[in-house]
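**Student:** Going down the list, the sequences are from chains G and W. Using the numbering used here, the first residue of the first sequence is number 1, and each one after it goes up by one. Using the numbering used here, the first residue of the second sequence is number 1, and each one after it goes up by one.
The hints are simulated quantities; they were obtained by calculation from the structure and are not laboratory data. Please note that a few of the clues may not be correct.
Copies of the same chain look alike in the list, so a pair counts if it works inside one copy or between any two.
[Stated by the list, open to error] Listed next, the in silico BS3-like pairs over lysine-lysine satisfying Cα-Cα at most 25 Å (straight line):
id : residue 1 : residue 2
1  : K325      : K52
2  : K630      : K606
3  : K630      : K471
4  : K78       : K658
5  : K606      : K47
6  : K630      : K602
7  : K78       : K471
8  : K658      : K347
9  : K606      : K287
10 : K371      : K605
Number of protein chains: 2
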Amino acid sequence: MGLNTNRVEDGSGSGHAQQETTTVSILVPSETMGPQELHGVCLPPQKTTFQKLRHKLSEIFFPDDPLHRFKNQTNVNKILFALHFVFPVFQWAPNYNLTLLRSDVVSGLTIASLAIPQGISYAKLANLPPVIGLYSSFVPPLIYAVLGSSKHLAVGPVSIASLVMGTMLNDAVSYSLNPVLYLKLAFTATFFAGLCQASLGFLRLGFIIDFLSKATLVGFMAGAAIIVSMQQLKGLLGIVNFTSKMQIIPVLSSVIEQRDEWSWHAIVMGFSSLACLLTTRQIGLRKPKLFWVSAAAPLTSVILSTVLVAVFKLHDVATIGQLKKGLNPSSANMLYFHGEFLAIAVKTGAVTGLLSLTEGIAVGRTFASLKNYQVDGNKEMIAIGVMNMAGSCSSCYVTTGSFSRSAVNENAGGQTAMSNIIMALTVLVTLLFLMPLFRYTPDLILAAIIVTAVIGLIDYQSAINLWKVDKLDFLACLSSFFGVLFVSVPVGLTIAVGISVFKILLHVTRPNTGVLGNIPGTEIYQDLDRYREAQRVPSFVILGVEAPIYFANATYLQERILRWLREEDDWIAANNGSTLKCVIIDMTAVTAMDTSGISMVKELKKMLEKRSLQLVLANPVGSVMEKLHKSNSLESFGSNGLYRTVGEAVADISSSWKAQL
Amino acid sequence: MGLNTNRVEDGSGSGHAQQETTTVSILVPSETMGPQELHGVCLPPQKTTFQKLRHKLSEIFFPDDPLHRFKNQTNVNKILFALHFVFPVFQWAPNYNLTLLRSDVVSGLTIASLAIPQGISYAKLANLPPVIGLYSSFVPPLIYAVLGSSKHLAVGPVSIASLVMGTMLNDAVSYSLNPVLYLKLAFTATFFAGLCQASLGFLRLGFIIDFLSKATLVGFMAGAAIIVSMQQLKGLLGIVNFTSKMQIIPVLSSVIEQRDEWSWHAIVMGFSSLACLLTTRQIGLRKPKLFWVSAAAPLTSVILSTVLVAVFKLHDVATIGQLKKGLNPSSANMLYFHGEFLAIAVKTGAVTGLLSLTEGIAVGRTFASLKNYQVDGNKEMIAIGVMNMAGSCSSCYVTTGSFSRSAVNENAGGQTAMSNIIMALTVLVTLLFLMPLFRYTPDLILAAIIVTAVIGLIDYQSAINLWKVDKLDFLACLSSFFGVLFVSVPVGLTIAVGISVFKILLHVTRPNTGVLGNIPGTEIYQDLDRYREAQRVPSFVILGVEAPIYFANATYLQERILRWLREEDDWIAANNGSTLKCVIIDMTAVTAMDTSGISMVKELKKMLEKRSLQLVLANPVGSVMEKLHKSNSLESFGSNGLYRTVGEAVADISSSWKAQL
């Protein structure tokens with residue numbers, strides 16, 4: 001076994017503190033234990049409670065060690081790195097050149113042609129005046145260009161956040177009845193969304209958005225897309241009186257009940273432009289080189305339909321109407337930090353903030369991995385948060401990185417955040433000079449643009465994949481889908497997160513266990529059920545436990561292990577095997593243990609001893625060893641109860657039996 | 001490596017369904033994959049979704065395979081086993097003999113001498129008339145004797161459940177103002193407690209009580225004990241007007257504010273009997289053979305103090321007063337299934353039911369493991385639940401197995417559940433003939449009995465141990481302690497359970513990772529930090545991941561793995577090592593993976609490929625393999641990306657590099 005060299009030859013019992021100094025870190029586990037051998041299994045290096053806490057906290061909050069670039073640097077470099085760190089613009093601006101500018105101008109103009117009609121449309125989705133959507137496509141992109149670290153993120157209003165904000169605020173206040181209060185709440189919610197995003201990034205709590213798993217989001221987005229599309233029937237059918245509720249049932253019944261309001265002009269124009277937009281979208285998807293067809297389609301259809309309405313004077317088609325020219329007015333005085341509606345503003349801010357953050361980070365990461373650069377999640381959160389807080393003071397509502405526009409940006413050859421600046425400048429020109437042109441733009445074209453945009457959020461392929469690969473993920477997906485469709489956005493999301501967490505707990509509460517066998521000719525021990533070539537080792541039961549041992553599963557594991565022994569006894573009786581003498585538990589996957597787990601192991605050992613069975617732990621991980629040590633349980637295992645691998649345990653114990661004969 | 005014999009020589013690509021028939025279960029993972037070798041790593045046997053669901057459900061609900069005794073038996077035996085299963089009394093009654101009876105009579109009389117004064121005291125703790133405590137020591141023990149499987153459990157009212165019931169009901173209704181409604185609610189709560197307990201057992205959801213971990217209970221019991229003891233100052237000091245609140249602050253201020261009501265007679269008698277009881281308790285603890293001293297003390301002190309009050313006519317000492325003779329009256333007509341207080345009754349029932357169940361099961365398990373027999377948790381739950389439902393119809397309130405009385409029972413030599421029957425018969429005699437004797441029993445002696453009983457619940461040794469072994473367990477303990485002390489029982493318990501669950505999630509969200517090295521002379525790979533003798537393998541980074549890869553940690557793990565690579569590069573640069581060529585992830589402890597985990601692994605592989613690094617997975621468990629297969633990711637790993645152990649991977653890849661040279 002080649003083990004002897006590793007054994008403790010030192011009987012001084014001088015404690016484990018020696019690990020810091022000796023090169024061969026064999027363990028003499030405690031003063032009371034004396035010169036016993038643990039077959040090479042050793043404790044982790046001793047650390048104080050404070051050191052452990054510091055290590056744990058740094059793993060929780062700084063897993064990527066963000067300051068590693070500052071190590072061993074001159075002061076000048078440190079300042080330079082700090083500038084780069086806080087303002088990523090300094091990373092790319094010094095090397096910026098004309099070639100890059102040319103690509104960025106093309107892509108910037110392209111995404112502007114998308115951003116203008118989408119901005120107007122999404123603002124309507126949030127029950128806000130159309131111009132707010134344009135304001136939101138001007139200030140936030142400029143701020144992001146300075147602070148953001150993604151090169152491809154196209155910033156502006158997005159459908160999901162707009163929808164959620166519209167729904168949640170509309171439950172409290174109606175825009176048509178009290179427009180000023182509604183606006184105040186929208187800006188306040190935006191402020192809190194930004195605050196929440198920036199704090200998550202600053203406090204390095206970004207992992208919270210990981211709890212909105214992909215499965216949850218697939219279901220959520222599909223549900224939201226369906227509701228939004230149904231709601232757009234208002235515009236597409238020309239209905240005037242429409243429900244403001246966001247569940248599928250009131251929306252559909254509203255469509256049917258208001259049949260007498262359906263307008264044939266609207267229907268023909270609406271559905272034909274929808275058909276055009278969907279066709280161009282398909283073209284863009286099928287042939288990425290023709291992306292400009294789908295990118296240019298919304299603006300083109302806006303222009304065409306506006307001309308049509310203006311020329312033929314179609315008075316029964318609802319239009320946007322007069323829009324005020326000019327730059328973003330300040331809205332800092334409209335933030336609302338007291339009174340009865342503050343709670344709803346904070347709640348709306350938190351939900352839209354988390355959702356838009358999830359979208360922004362996901363989009364940023366997707367393109368970063370596509371183009372092989374890194375995006376720092378926590379820094380991105382700060383950038384998005386600051387941009388929203390600044391936005392809330394300049395008449396913008398919640399913005400983030402849009403998936404569709406970022407894809408167009410990347411396709412159109414965008415190279416740096418400069419494309420966001422070009423886009424913002426285009427929006428600026430629009431705001432200053434082109435606003436009167438939107439007067440006759442019909443609502444139905446905005447509805448068609450929204451439907452085209454959100455239909456891409458229905459990712460049924462992913463849902464099918466979830467079903468195939470992981471049924472519980474699929475369940476989380478379904479529940480967020482139906483939750484959003486029939487109840488509400490927060491309820492749907494809460495249920496889905498609950499199911500995801502339940503899944504983790506279920507895995508811990510009922511972990512896999514199995515009997516292992518030896519694969520002939522190797523020292524490998526694998527599950528007998530899975531590896532048909534694996535063979536039982538006579539007189540041993542080798543059990544694999546595939547989870548940490550916690551209060552939540554200690555009782556289960558004890559019962560389950562006893563059942564394995566009972567079944568093994570039955571097997572031996574049926575096959576005339578040799579009687580059991582030793583139970584080895586492979587602890588490799590027991591990655592942690594709490595006090596209940598320790599008690600369980602102690603009690604199991606006692607129970608087995610009463611049945612004249614030896615209990616051996618193979619390969620306990622560092623933290624488990626440490627807890628066994630601290631709870632003074634190592635003594636009872638010490639001499640022949642701990643091995644580094646199952647193979648060593650089997651070999652050593654078998655040979656000791658042979659020696660006894 | 002002795003591996004060649006295990007390789008796939010079969011190029012038919014006939015799919016993994018062959019595992020059911022071939023003896024050598026080497027994998028040909030999918031039709032699309034062709035004759036590639038996976039170095040012996042194989043998929044688990046193929047199962048349908050239904051089979052997997054059945055397996056999972058049977059692991060969740062029937063981990064102990066309760067029906068295994070029915071397999072391969074004749075019908076007569078099956079009926080016999082079924083009788084034994086439902087009524088454990090049939091297991092021991094046929095072999096019952098005079099020797100056993102003698103021990104059970106002694107122990108039954110001993111616990112009766114404890115149960116009578118404790119029953120009266122605990123009923124007062126629940127704000128109920130004293131006689132209810134005696135009723136509750138008569139019917140439930142008889143039912144438990146028939147249905148219960150523990151031989152040592154002494155059944156009756158217990159302090160914690162009494163306290164919680166008294167607190168929670170008193171918040172809604174005051175016994176002194178509306179005694180009938182209060183009684184109705186108490187019986188209804190008892191009914192729901194029993195229903196909840198029996199359903200948990202019947203639906204085999206017993207694992208829910210595991211979530212009240214030992215750490216939580218240590219804190220909770222200590223907090224409850226302190227509050228209860230403080231409350232008993234009412235009796236010990238002779239205070240008449242006392243707060244009915246259960247937080248420490250109102251109780252203490254009540255003690256101080258009512259100073260003018262302190263009665264010197266009460267104080268002298270109360271504290272001297274308390275001193276006696278505590279002394280006898282200490283004697284019982286120190287010398288288990290003298291257990292009868294502490295067992296007889298409560299009844300003796302009741303008799304002595306009653307005689308004292310009766311003889312000296314101490315009118316300023318509050319006494320129990322006239323008690324009605326007679327058996328339990330029916331209370332089925334007092335159950336209350338409608339109206340405004342139903343919710344509070346159900347809630348009280350659920351909380352007291354869960355708490356008393358936890359105590360009963362824990363006590364049963366403790367003595368079963370001490371005496372080396374097994375107690376079936378789910379069956380015990382049904383027994384305790386039925387006994388409480390029956391109790392609620394016969395004027396009893398919540399009962400369970402009491403820790404203190406069960407210990408006395410075991411010490412006094414109780415052998416079977418017959419000791420419960422003897423105890424019940426003694427209580428019956430008391431109820432029928434001895435009730436007038438309690439007329440002059442002073443309240444203060446009941447207070448002293450309660451304090452003596454609950455003081456044993458303060459287990460500071462365990463708390464110190466929790467601090468030493470597991471800081472987060474200690475935090476859960478502290479929070480339930482302070483939660484109970486300063487807020488309320490449900491809040492304290494909820495926070496503690498929350499912390500326990502958070503601990504599980506934290507371990508999953510931020511799992512341990514580490515670089516492994518080879519221990520010279522072996523094929524063992526262990527953490528470099530922990531095993532000083534472990535050595536880096538040139539050109540490889542071997543990473544151990546100690547948790548399932550889920551949505552909650554996929555991003556973290558990706559960042560962390562990249563950071564390990566960066567640090568490894570730094571180390572190589574500093575030590576002139578050979579450049580990295582291969583990253584091996586030891587997946588032994590990655591016991592599960594969801595769709596986010598799969599995406600992460602795929603993406604990591606792509607990122608490493610761009611850096612010309614090979615990604616290898618060593619020893620993926622069955623469920624992970626299955627998911628990789630179903631998500632069509634195996635192909636990308638197939639040829640040289642999967643090995644059964646790190647050792648095999650290193651050996652095989654190194655030799656392939658040598659062959660290339």
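**Student:** All hints, please: hold or fail.
**Tutor:** So, going through the hints one by one against the coordinates:
Proximity of K325 and K52 under a CA criterion of 25 Å is satisfied in neither setting, with 60 Å inside one chain copy and 64 Å between copies. Proximity of K630 and K606 under a CA criterion of 25 Å is satisfied intra-copy only: 19 Å inside one chain copy versus 43 Å between copies. Taking identical chains as interchangeable, the C-alpha atoms of K630 and K471 lie at most 25 Å apart only when they sit on different chains, with a minimum of 12 Å there against 40 Å within one chain. Taking CA atoms no more than 25 Å apart as the test, K78 paired with K658 passes in neither setting, with 66 Å inside one copy and 43 Å between copies.
For the identical chains of this complex, K606 and K47 are neighbours neither inside a copy (31 Å) nor across copies (37 Å), given an alpha-carbon limit of 25 Å. For the homomeric pair K630 and K602, the shortest alpha-carbon distance inside one copy (13 Å) is at most 25 Å, but the shortest distance between copies (40 Å) is not. Taking the shortest alpha-carbon separations for K78 and K471, neither the intra-copy value of 49 Å nor the inter-copy value of 37 Å comes in at or below 25 Å. For the identical chains of this complex, K658 and K347 are neighbours neither inside a copy (71 Å) nor across copies (62 Å), given an alpha-carbon limit of 25 Å.
In the homo-oligomer, the alpha carbons of K606 and K287 lie at most 25 Å apart only across protomers (24 Å), although the nearest pairing inside one protomer, at 69 Å, exceeds that limit. When the C-alpha separation of K371 and K605 is checked against a cutoff of 25 Å, the pair qualifies only between copies, where the shortest distance is 15 Å, while the shortest distance within a copy is 55 Å.
In this structure, the hints that do not hold are numbers 1, 4, 5, 7, 8, in rising order.
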